[in-house]
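> Taking the hints into account, I'd like the entire structure generated from these sequences.
Going down the list, the protein sequences come from chains A and B.
Letter by letter, the first sequence follows residues 12 to 122 of my numbering.
Letter by letter, the second sequence follows residues 2 to 185 of my numbering.
Some hints here could point you the wrong way.
DSS-like cross-link-like pairs, simulated, lysine-lysine; straight-line CA separation at most 27 Å [to be verified]:
| no. | chain 1 | residue 1 | chain 2 | residue 2 |
| --- | --- | --- | --- | --- |
| 1 | A | K47 | A | K109 |
| 2 | B | K79 | A | K47 |
| 3 | B | K79 | A | K109 |
| 4 | B | K161 | A | K118 |
| 5 | A | K47 | B | K161 |
| 6 | A | K47 | A | K118 |
| 7 | A | K109 | B | K161 |
Calculated from the model, a selection of chain B residues having no Cβ within reach of chain A, i.e. all distances over 12 Å [unchecked claim]:
| no. | residue |
| --- | --- |
| 8 | K79 |
| 9 | E176 |
| 10 | Q178 |
| 11 | I181 |
| 12 | A183 |
Simulated restraints, written as ranges between beta carbons of each label pair [stated by the list, open to error]:
| no. | chain 1 | residue 1 | chain 2 | residue 2 | range |
| --- | --- | --- | --- | --- | --- |
| 13 | A | L44 | B | I140 | 33 to 41 Å |
| 14 | B | D78 | A | W74 | 43 to 51 Å |
| 15 | B | Q90 | A | K118 | 21 to 29 Å |
| 16 | B | A131 | A | L100 | 28 to 36 Å |
| 17 | A | K109 | B | A63 | 27 to 35 Å |
Hints in this document: simulated from the structure, not taken from any laboratory.
From the three backbone atoms N, C-alpha and C, an ideal C-beta is built for every residue, glycine too.
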Amino acid sequence: MRSNKKKYMPPVNSHTVLVVAAILFALGLCGVLTRKNVLFILISIEIMLNAAGLAFVAAGAKWRQPDGQAMFLFILAMAAAEVSVGLALVMQIYHQHKTMDVGDLNKLKDE
Amino acid sequence: MTTVFYISSLVAILSTVMVITRYQPIHALLYLVVSFLAVAMIFLSLGAPFVAALEVIIYAGAIMVLFIFVVMMLNLDKETAAQERIWLQPRVWIGPSLLTLLLLAGMVVLLLRGQRTTMRIATVDARQVALSLYGGYIIAVELAGFLLMAGIVGAAHIGKHRTESMHRYLRKDEEQQKEIHAAS
Chain A
12 MRSNKKKYMP PVNSHTVLVV AAILFALGLC GVLTRKNVLF ILISIEIMLN AAGLAFVAAG
72 AKWRQPDGQA MFLFILAMAA AEVSVGLALV MQIYHQHKTM DVGDLNKLKD E
Chain B
2 MTTVFYISSL VAILSTVMVI TRYQPIHALL YLVVSFLAVA MIFLSLGAPF VAALEVIIYA
62 GAIMVLFIFV VMMLNLDKET AAQERIWLQP RVWIGPSLLT LLLLAGMVVL LLRGQRTTMR
122 IATVDARQVA LSLYGGYIIA VELAGFLLMA GIVGAAHIGK HRTESMHRYL RKDEEQQKEI
182 HAAS
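This is the structure in structure tokens:
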């Protein structure tokens, strides 16, 4: 009994993990669609990337393979690069336009 | 472990709801740290301790520090919160929330319709992940290195403090006109 418990933990339903990931992704999507502040949009994108990573890790755990965790590492690297460039853009936008409103940042449009 | 999974996923969902409804940026970021820690607990309960540690170190550590530095450098406090309170009226968020809820409902129905399989979870430790990364995924690791390098260079270039927003051709034009003006 004890050795069995050491080898295998009690099971989790595999759909439940994916449903949790879907809920987190939908929350992030709702944040992206609702917010007008650039910083909050970046935060919501982070939530969505994290949810995608959770789905990958869940799939890897279901088949007991390390590939899901490897994919999560790539998502992590991508999120780090994306957030550094995005935050540099946010600072530049704030210094030049003194606003965080994405509705006001339409300088490429004809006036 | 099942109990840990359910509790931490509940905490993750609740704190993510708090993230997307806060007005103050710093409150949203602190709730986001809680959400990341809860997701790290989910990873731990799914038998992925290496990824759980990375989630805490990189997401809840490094990326959150970047966000908090930006919030501090831009002085986003009460005025931003007041602006958010004006922007986030119910008529603004009710449409996107309903549409997202519909999408989520469709996805959940599709997920739950198949036959349910229980996962027999075994721990996949850092050694197996490292063997997989430096075995079959070596090209992808190098590409991730390129991506991080491009990210660093891009952030350093974009983040330079330039106050003028005029294009360089226009500026040269203006300087020439100034010289002509001075000569005459």
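> Per the stated criterion, does the least C-beta distance between K79 (chain B) and chain A lie above 12 Å, as a non-interface residue requires?
For K79 (chain B), whose nearest Cβ neighbour in chain A is about 14 Å away, the distance exceeds 12 Å, so it holds.
> Could one say that the CB atoms of D78 (chain B) and W74 (chain A) fall in the range 43 to 51 Å?
holds, 47 Å
> Given the hint that K47 (chain A) pairs with K109 (chain A), test it: the Cα-Cα distance must not exceed 27 Å.
With Cα atoms ~15 Å apart, K47 (chain A) and K109 (chain A) stay inside 27 Å; holds.
> Given the hinted pair K161 (chain B) and K118 (chain A), is their Cα-Cα distance within 27 Å?
holds, 20 Å
> Is it correct that the beta-carbon of Q178 (chain B) has no partner in chain A closer than or equal to 12 Å?
holds, 23 Å
> Taking C-beta pairs only, is A183 (chain B) more than 12 Å away from all of chain A?
Label holds. Min Cβ-Cβ 29 Å, cutoff 12 Å.
> Could you grab the alpha-carbon distance between K79 (chain B) and K109 (chain A) and see if it respects the 27 Å cut-off?
Distance ~16 Å between K79 (chain B) and K109 (chain A) Cα, so the pair holds.
> Given the hinted pair K79 (chain B) and K47 (chain A), is their Cα-Cα distance within 27 Å?
holds, 16 Å
> Looking only at beta-carbon atoms, does the pair A131 (chain B), L100 (chain A) fall within the given range of 28 to 36 Å?
holds, 34 Å
> Assess, step by step, whether the Cα of K109 (chain A) is no farther than 27 Å from the Cα of K161 (chain B), and give holds or violated.
With a Cα-Cα distance of about 16 Å, the restraint between K109 (chain A) and K161 (chain B) holds, given a limit of 27 Å.
> Hey, K47 (chain A) versus K161 (chain B), does the alpha-carbon distance stay inside 27 Å?
Distance of about 25 Å is within 27 Å: holds.
> Taking the CB of K109 (chain A) and the CB of A63 (chain B), does the distance hold inside 27 to 35 Å?
The hinted range 27 to 35 Å holds for K109 (chain A) and A63 (chain B), with Cβ atoms some 28 Å apart.
Checked against the numbered hints listed earlier, the structure breaks none of them; every hint is satisfied.
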